[in-house]
Amino acid sequence: MGKRNKTTQIIILVVILVLGGFAVSSAFKKPEAPKEGSTIPDLPLQQLNGSVVKLGDYKGKALVLNFWGSWCEPCEREMPTLQKGSDEWKAKNVEIVGINYGEDPLVVQNYMKKVNVHFTMLLDQKKKVTEAFGIRPLPTTFFVKPDGKVHAIHIGELTQSQLDKYLQEITGQ
Amino acid sequence: MTSLELSQDAYVVAFFLFCISFILFVYAMPGKKMKTHDRARHERRWGRISFTVTAIGFGSQLVYFISRWIGAGHIPVSNMYEFMSFLAMMIIGAFVVMYLIYRSAVLGAFAVPLAVIIMAYASVFPSEVQPLIPQLDSVWLKIHVTLAALGYAFFAVAFVAALLYLLRTVRWDSGSDRRSQRWLEFTMGCIIVVIGFIAVVFSFRAADYEVIVNQKVETVENGQINSKIESVTYTMPPLIAPYNSEESSLEAVPSFIGMKLPLMEAPGWMKGVQAGRKLNTVIWSLLAGLVLYAAIRLILRKPIAKAISPLVQGLDPDLVDEISYRSIAIGFPVFTLGALVFAMIWAQIAWSRFWGWDPKEVWALITWLYYSAYLHLRLSRSWHGAKSSWLAVIGLLIVMFTLVGVNLVISGLHSYSGV
Amino acid sequence: MRFDNTKCECGHQNAIGTVLCEACGKPQHEEPALDEVLEMRYDGVARKSQKANPSIIDRIWNFFSSVKVAVYLIVITLIGSMFGTIYPQESQFINIDASLYYKQSYGTMGHIYYLLGLSHTYESWWFITLLVMIGASLVICSLDRVLPLYRALHKQKVRKHGQFITRQRIVYQGDIQDSPNTWLDGMSKSLKKRGYKIVRDEDALLAEKNRFSRWGPYINHIGLIIFLLAVLARSIPGWHMEYYDAFPQGQPKEIPGTPFYLQNDHFTVEYYGEEDMPEQFVKEGRVIAKLFETKATLYRCVDKCDELAAEPVLEEVMKHDIRVNEPLEYEGLMVYQFDFDLTPRLVAVKPVLENPQTGEVYGQFELKINRTETHYEVGPYTLELTHKFMDFGLDENGKPTTKSQDPNAPAFIFMIKGPGLPNEGEPYMYFPLQKDKVKFQQDVINGEIANKFDLHVQSMNDVTLSESTSYLNVRKDTAMPFIWIGAAISMIGLIMGFYWQHRRIWLRLDGQQLALGAHTNKNWYGLRNEVARALQAVDIEVDAKSIDRGGSKA
Chain A
1 MGKRNKTTQI IILVVILVLG GFAVSSAFKK PEAPKEGSTI PDLPLQQLNG SVVKLGDYKG
61 KALVLNFWGS WCEPCEREMP TLQKGSDEWK AKNVEIVGIN YGEDPLVVQN YMKKVNVHFT
121 MLLDQKKKVT EAFGIRPLPT TFFVKPDGKV HAIHIGELTQ SQLDKYLQEI TGQ
Chain B
174 MTSLELSQDA YVVAFFLFCI SFILFVYAMP GKKMKTHDRA RHERRWGRIS FTVTAIGFGS
234 QLVYFISRWI GAGHIPVSNM YEFMSFLAMM IIGAFVVMYL IYRSAVLGAF AVPLAVIIMA
294 YASVFPSEVQ PLIPQLDSVW LKIHVTLAAL GYAFFAVAFV AALLYLLRTV RWDSGSDRRS
354 QRWLEFTMGC IIVVIGFIAV VFSFRAADYE VIVNQKVETV ENGQINSKIE SVTYTMPPLI
414 APYNSEESSL EAVPSFIGMK LPLMEAPGWM KGVQAGRKLN TVIWSLLAGL VLYAAIRLIL
474 RKPIAKAISP LVQGLDPDLV DEISYRSIAI GFPVFTLGAL VFAMIWAQIA WSRFWGWDPK
534 EVWALITWLY YSAYLHLRLS RSWHGAKSSW LAVIGLLIVM FTLVGVNLVI SGLHSYSGV
Chain C
593 MRFDNTKCEC GHQNAIGTVL CEACGKPQHE EPALDEVLEM RYDGVARKSQ KANPSIIDRI
653 WNFFSSVKVA VYLIVITLIG SMFGTIYPQE SQFINIDASL YYKQSYGTMG HIYYLLGLSH
713 TYESWWFITL LVMIGASLVI CSLDRVLPLY RALHKQKVRK HGQFITRQRI VYQGDIQDSP
773 NTWLDGMSKS LKKRGYKIVR DEDALLAEKN RFSRWGPYIN HIGLIIFLLA VLARSIPGWH
833 MEYYDAFPQG QPKEIPGTPF YLQNDHFTVE YYGEEDMPEQ FVKEGRVIAK LFETKATLYR
893 CVDKCDELAA EPVLEEVMKH DIRVNEPLEY EGLMVYQFDF DLTPRLVAVK PVLENPQTGE
953 VYGQFELKIN RTETHYEVGP YTLELTHKFM DFGLDENGKP TTKSQDPNAP AFIFMIKGPG
1013 LPNEGEPYMY FPLQKDKVKF QQDVINGEIA NKFDLHVQSM NDVTLSESTS YLNVRKDTAM
1073 PFIWIGAAIS MIGLIMGFYW QHRRIWLRLD GQQLALGAHT NKNWYGLRNE VARALQAVDI
1133 EVDAKSIDRG GSKA
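Protein chains in written order, with our numbering: chain A, 1 to 173; chain B, 174 to 592; chain C, 593 to 1146.
These aren't lab readings, by the way, just hints derived from the structure by calculation.
Check each hint, because a few of them may be wrong.
[Unchecked claim] Pair ranges (Cβ atoms, derived):
(1) A:Arg136 to C:Lys991: 23 to 29 Å
(2) C:Pro992 to A:Ser51: 28 to 34 Å
(3) C:Gln1033 to A:Ser51: 37 to 43 Å
(4) C:His858 to A:His118: 42 to 48 Å
(5) C:Glu631 to B:Gly529: 41 to 47 Å
(6) C:Lys887 to B:Thr225: 54 to 60 Å
(7) C:Lys887 to A:Ser51: 36 to 42 Å
(8) A:Thr8 to C:Lys887: 53 to 59 Å
(9) B:Ser376 to C:Ser697: 34 to 40 Å
(10) C:Gln1033 to A:Ser161: 42 to 48 Å
(11) B:Glu419 to C:Thr966: 53 to 59 Å
(12) B:Asp489 to C:Glu631: 21 to 27 Å
(13) C:Pro992 to A:Asn93: 36 to 42 Å
(14) C:Gly985 to A:Gln168: 34 to 40 Å
[Stated by the list, open to error] To spell it out: a stretch of chain A is covered by chain C in this simulated footprint if at least three of its residues, at any positions, have a beta carbon under 8 Å from a beta carbon of chain C; those stretches are:
(15) 6-17
(16) 69-75
(17) 99-110
From a predicted model like this one, the values you see are computed outputs, not experimental measurements.
Ideal Cβ placement from N, Cα and C applies to all residues, glycine included.
Using the sequences and the accompanying hints, generate a full structural model.
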């Protein structure tokens, strides 16, 4: 008995505490998709001209990521709103970016002509970014603060007033 | 004669042999009035005879099993009928093992009728040979299901011994042990309800009773509510109609002994598959059980447990206590291997994960945790006799829920073994 | 003060908490007149947790070392598990919004169930805490008991105190006829025949067998601990990966997080014929599947793996027929059959451009439905793709649009340029599927130009179809071997502990007077019979039942 035993006891209890803490903390671990307050991943996306941008390139700007598809009606309805927002807020250090879900560049170009928008569009042909953001229904819009942290996630169609409110919030204006 | 016909005949033969051996085992129980010496001789002699009949019955069950295997082309444990008959066979098997160790004829008088009840219960389910679905097409079907059933069978024999212990030790003289008396009688009542259920199923089946009620079912798919009409086939008069039944189909229900049916609809919160029909069956079983119980009480003019009590007074309570514990001790590793370890291996191969918290898996785990608690209490906390017997009795309740209840009440991945 | 006096009358110094003297077995702190069956758990040795003046560490240790606590933990876990089976768990579904699902499917009760967090019982903090506590209890309970037990069994004294022997559960006392030595020789022989190991100390004897069975529970507990640790190890990043995905026939698909691509070469589903099914089933029109099989090819990506637009360069690694119960297995990667969809999907067509008047064929080109090229040279003509619709339809304004992202009704608009056509070209609309061509009246839409050109496929050889889509489950589980090792060790422990029993028989002759005591951890019935038969061999007739003093202590 004595000292050696006590040390063994303490070591065993500490090991159990550490492993147990690890196990229990894994219960609180949420799925890895970005949520409000988390930092967006720095993933590469293709531009219409074929060059590649990374989401991290937009750091320092307030960022709006709009996930859409050409078959989705609410997406189409909110496109003019986004264009208007882009026109008005561009000078105020805001970037509004559309991310298309897995369609051909041609389809995206035709779509932009059809709905008459010209803000930045990125292609996610392998659907990896959409997956990383855990997108379920389209449209889904992420509002990201200049520091890269997600401020809000809006699922479904955006109205002008909603968009303005979000933009004010993420720019702090 | 094809092997499937042979199989059916063997099943019936086994059933009747067990009925006979049950009577023989009861006769073998030493009466109180006999002299000590005669008693031992009587028990030895008639125990041996009854055991022989049981063993022949077991052989007959084996013939059923093997010939059905040959006839069907796959091991006959793939649906509820086959599994329950196999379980009955395993219970007899477990009893044979325990009898060979302890030579207790009284155990037979209770274990054999349990197997008979389970065989009868098996016959409630459709007995046709069904083709094997790809999910079940694996060697692990043989290993997992058979070992798991053997484990459950030992728990069932433990239940029988524990019940015997309680019947033997609960005192019926004035005022003593009220709570034990009540719970013991309640346990007997539950057994009667199960018998009532089987009786009701067979009576209405003999009368070819069948009524179809249409039910409006709402399902949610992709956030949209779809409603469709489902028809529910009742094989017993519908006292309880399904929730949201169609009026027109209800009016077509014939009245039963002058009663306008159905009496009411199942409550809306019962969302299980065919909940209304199952609730109806439960109520019929309870009614039949109660009627049967009342009839028995009228004949006996005392509680059933009290009536049985003098028959088992010749028994050594320590011995049945030991049998009950031994049975669990033998069954526990078998159960762990069959129902958990091999189940995990198979789940890993078939469903890609060794454990998925499917209701059946969870209930197997619950059963395992329960019996491990039993063993800890017995081995380290000295829970013997009455306490451990009650645990073994409740244990069978959990076993039965795992085997039958889960399939009937909760749906899950194991549902293909259901009704 | 009593607790100071832990020295037995035989001279052995015992630890505090000792019930029976570690050497001679004499009961400590008890009135000698008692005749009850002795408490033999761990041979009466002091357990580590039984100490005077416990500190906080000791208190925590004591808590987890208690079997009572262990049983409580087991029972609470058991009840908690039951709650998780009331409604299906979230994890049983692949794509649901749990906050709505339970309310919609099970009403208010379902919503409460969800709000209580019971819809993910087995991932909840309290359930995992319970499992961790059971793990802690397994470790500490075992350590606390196995060491003293080892010490007690390792150095057993053969000659035990008379009280120790006569207060066992199985006891025989009587006189012997032979000389002590001859009698002991005979008894040794008789016990040896029954598999006992014999140790003699003058006219005392200890017979013992199957001591290893005592280690069964601890080996079982070690197995369970390994099992639990292996389960925990699955949350180490990279050790566990699982997802399920659709694999349309003929298109390699990336397995994320690995360099592998998997292609569904062909999917088959077979059903049982009527002759294989019971009549009842045939009457009900039931269909039962006989086989699901995906012929699959696994590729490794060797180049251009991370580029966004370029096609990766793949190298075949293996082929396997994935069936239920027969997954594909490669370097720890497992692929399982999960589901299927038999809707055929168009992958590519090779139409010809033809003059419908003369029947002259200008040329042929390949048109892929996904990732379509925009520029084609067909004979003297150039085809520029200007519009593509995967699932053609008209919106409320009558404008062409796509109704979904799936190629249910693909449509293409080309600008045809070349001899005899205006410089900017003329538009031509093409529906590769005949049903769409008719439904949307391709020729009417095209009008005038339909007389000059016709795009069509000449035979089915020019059509690439994905006949079906197989849904496969992809998994990687690095911890699996440890899980099986844990389970195997646990089983070995269970079998050792339950199918053998540790039996000991102590004999002591005081002159012609024999005292025999026997102890086992399980199966007293077997032991008393064995003792009775061993005595019979040396001409002492006893009834097995009469030497068993019964009692509640095993």
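Comparing the hints with the structure gives:
Checking the proposed 23 to 29 Å range against Arg136 of chain A and Lys991 of chain C shows it holds: the Cβ atoms sit about 28 Å from each other. At roughly 30 Å, the beta-carbon separation of Pro992 of chain C and Ser51 of chain A lies within the given 28 to 34 Å, and the hint holds. Range check, Gln1033 of chain C to Ser51 of chain A: Cβ separation about 41 Å, and the 37 to 43 Å hint holds. For His858 of chain C and His118 of chain A, the hinted distance range of 42 to 48 Å is satisfied, since their beta carbons lie about 45 Å from each other.
Distance hint check: the CB atoms of Glu631 of chain C and Gly529 of chain B are about 44 Å apart, consistent with the given range 41 to 47 Å. Range check, Lys887 of chain C to Thr225 of chain B: Cβ separation about 56 Å, and the 54 to 60 Å hint holds. In this structure the hint that Lys887 of chain C and Ser51 of chain A lie 36 to 42 Å apart at CB holds, the actual value being about 39 Å. Thr8 of chain A and Lys887 of chain C have their C-beta atoms about 57 Å apart, which keeps the hinted 53 to 59 Å range intact.
In this structure, Ser376 of chain B and Ser697 of chain C meet the distance hint of 34 to 40 Å, their C-beta atoms being roughly 36 Å apart. Checked against the given bound of 42 to 48 Å, the beta carbons of Gln1033 of chain C and Ser161 of chain A, roughly 43 Å apart, stay inside it. Hint check: Glu419 of chain B to Thr966 of chain C, Cβ distance near 57 Å, so the stated range 53 to 59 Å holds. For the hinted restraint 21 to 27 Å between Asp489 of chain B and Glu631 of chain C, the CB-CB distance of approximately 24 Å keeps it satisfied.
For the pair Pro992 of chain C and Asn93 of chain A, the beta carbons lie near 38 Å from each other, so the given range of 36 to 42 Å is met. Between Gly985 of chain C and Gln168 of chain A the beta carbon distance is about 38 Å. The supplied range of 34 to 40 Å therefore holds. Under the rule that three or more residues need a Cβ within less than 8 Å of chain C, the assignment of the region 6-17 of chain A holds, with 6 such residues. Chain C is given as covering the region 69-75 of chain A, and this holds because 4 residues of the stretch bring a CB closer than 8 Å to a CB of that chain, at least three being needed.
Counting residues of the region 99-110 of chain A whose C-beta sits closer than 8 Å to any C-beta of chain C gives 7, which meets the bar of three, so the coverage hint holds.
No hint from the list above goes unmet by this structure.
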